[in-house]
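These are the residues of each chain, in order.
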Amino acid sequence: MPPVILRVKEAPTGVPLEAESISPDLFADRSREEIEALPVALGNESHRLGDFFQVEGERSDQIEVDGSIPRVKWVGSGMTRGRVVIHGDVGMHAGSYMRGGEILIEGNAADFLGVEMEAGLIRVRGNAGHRAGAAYRGSKFGMRGGIILIEGDVGHEVGAYMRRGLVVIKGNAEDFLGARMAAGTICLFGRAGLRTGGGMQKGMIVCMHPVELLPTFAYDCIYAPIFLRILFKGLKRLGVQPTPQQANGLYRRYHGDLAEIGKGEILIPA
Amino acid sequence: MEINGVPIDQTYAEAFTMYASRVLITAINLRWAMEAARSMAGFGTSVIGCGCEVGIEGTEPQETPDDRPGVRVLLFAPSKKAVQEHLIKRIGQSVMTSPTSACYNDLEAEDRLSVGGKLRFFGDGFQISKRLEPPIIGNGSRPRRFWRIPVMDGEFVVEDRFGVHKGVAGGNFLLLGKELPGALEAAERAIEAMRKVKGVIMPFPGGIVRSGSKVGSRYKFLNASTNTAFCPSLRRQAQSELPEGVGAVLEIVIDGLTPEAVAEAMRVGVRAACGPGVVKISAGNYGGKLGKHQFHLHQLLSS
Numbered sequence: 000m001p002p003v004i005l006r007v008k009e010a011p012t013g014v015p016l017e018a019e020s021i022s023p024d025l026f027a028d029r030s031r032e033e034i035e036a037l038p039v040a041l042g043n044e045s046h047r048l049g050d051f052f053q054v055e056g057e058r059s060d061q062i063e064v065d066g067s068i069p070r071v072k073w074v075g076s077g078m079t080r081g082r083v084v085i086h087g088d089v090g091m092h093a094g095s096y097m098r099g100g101e102i103l104i105e106g107n108a109a110d111f112l113g114v115e116m117e118a119g120l121i122r123v124r125g126n127a128g129h130r131a132g133a134a135y136r137g138s139k140f141g142m143r144g145g146i147i148l149i150e151g152d153v154g155h156e157v158g159a160y161m162r163r164g165l166v167v168i169k170g171n172a173e174d175f176l177g178a179r180m181a182a183g184t185i186c187l188f189g190r191a192g193l194r195t196g197g198g199m200q201k202g203m204i205v206c207m208h209p210v211e212l213l214p215t216f217a218y219d220c221i222y223a224p225i226f227l228r229i230l231f232k233g234l235k236r237l238g239v240q241p242t243p244q245q246a247n248g249l250y251r252r253y254h255g256d257l258a259e260i261g262k263g264e265i266l267i268p269a
Numbered sequence: 000m001e002i003n004g005v006p007i008d009q010t011y012a013e014a015f016t017m018y019a020s021r022v023l024i025t026a027i028n029l030r031w032a033m034e035a036a037r038s039m040a041g042f043g044t045s046v047i048g049c050g051c052e053v054g055i056e057g058t059e060p061q062e063t064p065d066d067r068p069g070v071r072v073l074l075f076a077p078s079k080k081a082v083q084e085h086l087i088k089r090i091g092q093s094v095m096t097s098p099t100s101a102c103y104n105d106l107e108a109e110d111r112l113s114v115g116g117k118l119r120f121f122g123d124g125f126q127i128s129k130r131l132e133p134p135i136i137g138n139g140s141r142p143r144r145f146w147r148i149p150v151m152d153g154e155f156v157v158e159d160r161f162g163v164h165k166g167v168a169g170g171n172f173l174l175l176g177k178e179l180p181g182a183l184e185a186a187e188r189a190i191e192a193m194r195k196v197k198g199v200i201m202p203f204p205g206g207i208v209r210s211g212s213k214v215g216s217r218y219k220f221l222n223a224s225t226n227t228a229f230c231p232s233l234r235r236q237a238q239s240e241l242p243e244g245v246g247a248v249l250e251i252v253i254d255g256l257t258p259e260a261v262a263e264a265m266r267v268g269v270r271a272a273c274g275p276g277v278v279k280i281s282a283g284n285y286g287g288k289l290g291k292h293q294f295h296l297h298q299l300l301s302s
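Just so you know, the sequences run in chain order A and B. To convert, note that position 236 of the first sequence is 235 in numbering that gives the first Met the number 0; the numbers rise steadily by one, no gaps. To convert, note that position 277 of the second sequence is 276 in numbering that gives the first Met the number 0; the numbers rise steadily by one, no gaps.
These aren't lab readings, by the way, just hints derived from the structure by calculation.
Dumping the calculated SDA-like pairs for lysine to any residue here, alpha-carbon to alpha-carbon at most 25 Å: (1) A:K139 with A:Y96; (2) A:K8 with A:E44; (3) A:K232 with B:I148; (4) A:K201 with A:E211; (5) A:K139 with B:R144; (6) B:K177 with B:N226; (7) A:K201 with B:I148; (8) B:K165 with B:I55; (9) B:K79 with B:A108; (10) A:K201 with B:Q126; (11) B:K291 with B:I47; (12) B:K117 with A:G144; (13) B:K117 with A:P224; (14) A:K232 with B:E107; (15) A:K169 with B:P134; (16) B:K291 with B:P77; (17) B:K288 with B:R217; (18) A:K232 with B:R144; (19) A:K201 with A:R143; (20) B:K288 with B:T227; (21) A:K232 with B:P98; (22) A:K201 with B:G124; (23) A:K232 with B:L29; (24) B:K195 with B:A108; (25) A:K262 with B:Q126; (26) A:K201 with B:G153; (27) A:K201 with A:A246; (28) A:K232 with B:D66; (29) A:K201 with B:S128; (30) A:K262 with B:F121; (31) B:K165 with B:P60; (32) A:K232 with B:N28; (33) A:K201 with B:F121; (34) B:K88 with B:F121; (35) A:K262 with B:R144; (36) B:K79 with B:T16.
Just chain A, with the same shape it has in the complex (with noise of 0.2 Å):
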């Protein structure tokens, strides 16, 4: 099945385009004239996608976004099935609510990239910003399953209030990463800003270099966890390759956050 392909007309600069019709859901059974029809928001007006985009092909749930789009907000949010390939940067707010498919960004993710996912897989080259992974203020929880592979760095907050799911970043994090996760596993390769893990009640953080702990995390034992053995493995499928030493190695355990419940883990090479 030959993918859409979206190559930008007029690139929005000011106002935000919100286009959360980039979704193979909707682009799966519909002609290129259908496509190119779907709305889109710039502030309060509403327009045809086809007024942003030059459109080719028809009737896929493969999309390729010819460019980068860092003001497109919404690609592939709440998608569940198909791909999206965007050979640029991306908008904030890029595959939130997902329940399945891939999208592969291939350039930098703004904020919010994949918030409160269910399903499904996002992988960004480039960096990403702040919450990736995390909830929107108010929700309880943050993503709920799915995987976020991250090869640059990331913003502050990513993976908050976890629920479920994956959150790979092989760059370094700032600020409050993992914070007041439910559970869920976020792996860290670079380093972590201040207060990882900050207000988590379950879950794991892995973080391959020493990291500055709150003081209500504790300090448990060295051991050699088999599930991370089943995580790098499964890590290598995504062509994320952890030294033998990461992979067989052994671990410094911490619980916390004890101001919270404490069963959440952070796990740091011994």
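Here the structure of chain A is known, so what remains is to put chain B in place on it, guided by the hints.
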């Protein structure tokens, strides 16, 4: 029909349907994976007295979820519920207790039984659930859930659910030997060859059974008793199926995940067994009244 000068009876083995599951046990090295597997397979020879039939699969897994050495164990029981009960008991008592072990489902099936989901309570509230999605696990579209149960050497990882499907139990053949040493040697040759077949176990000690049974007994409280027709010492006292010159009979029983696997194991087993000291090869059946599956020896060996 003869193979290597050994006549093959024109008869068939009668086997029946049992529910099967396959467990993959890993550990720090093969020795400890095998220790756990042996313990799990212990006292699992016959459904008649053990409630299930359990054995170690002869073929080693090419890869394991945690990349450590692993051993596969097959378990057969008459119902899905019985499979679940025996898995919980045997994994709980024999695998979880074994140092460094982890235990995974190794059977993709529609029906899945909660096993780790029950064993997790051993963690006394400190158990941790981890669900991994298909892109990480790499097998189809189902996520897999693991339980991490804290134990004294670290953590015991056990999969939440184990697949179960209909398998075949009771495939068999009988080696009629001139004397016991020759018959035993032939049976050992057969077992060595059969252990290279994937998806089968020979649940009796060393894969060989010397106390074959018939259905029923003269005692009301017993539903199976010694196979009088194949006991050399009863040749003149009971109706015998033993030709002159037979001094010992050994049986090999095969349980498999599929009828094809059982047939293949029987084929290679009989071929390997036929040699010096073997007078005849036969098979056990109940006149076709009990089992759904029939494995005709001539048909198997001519393919």
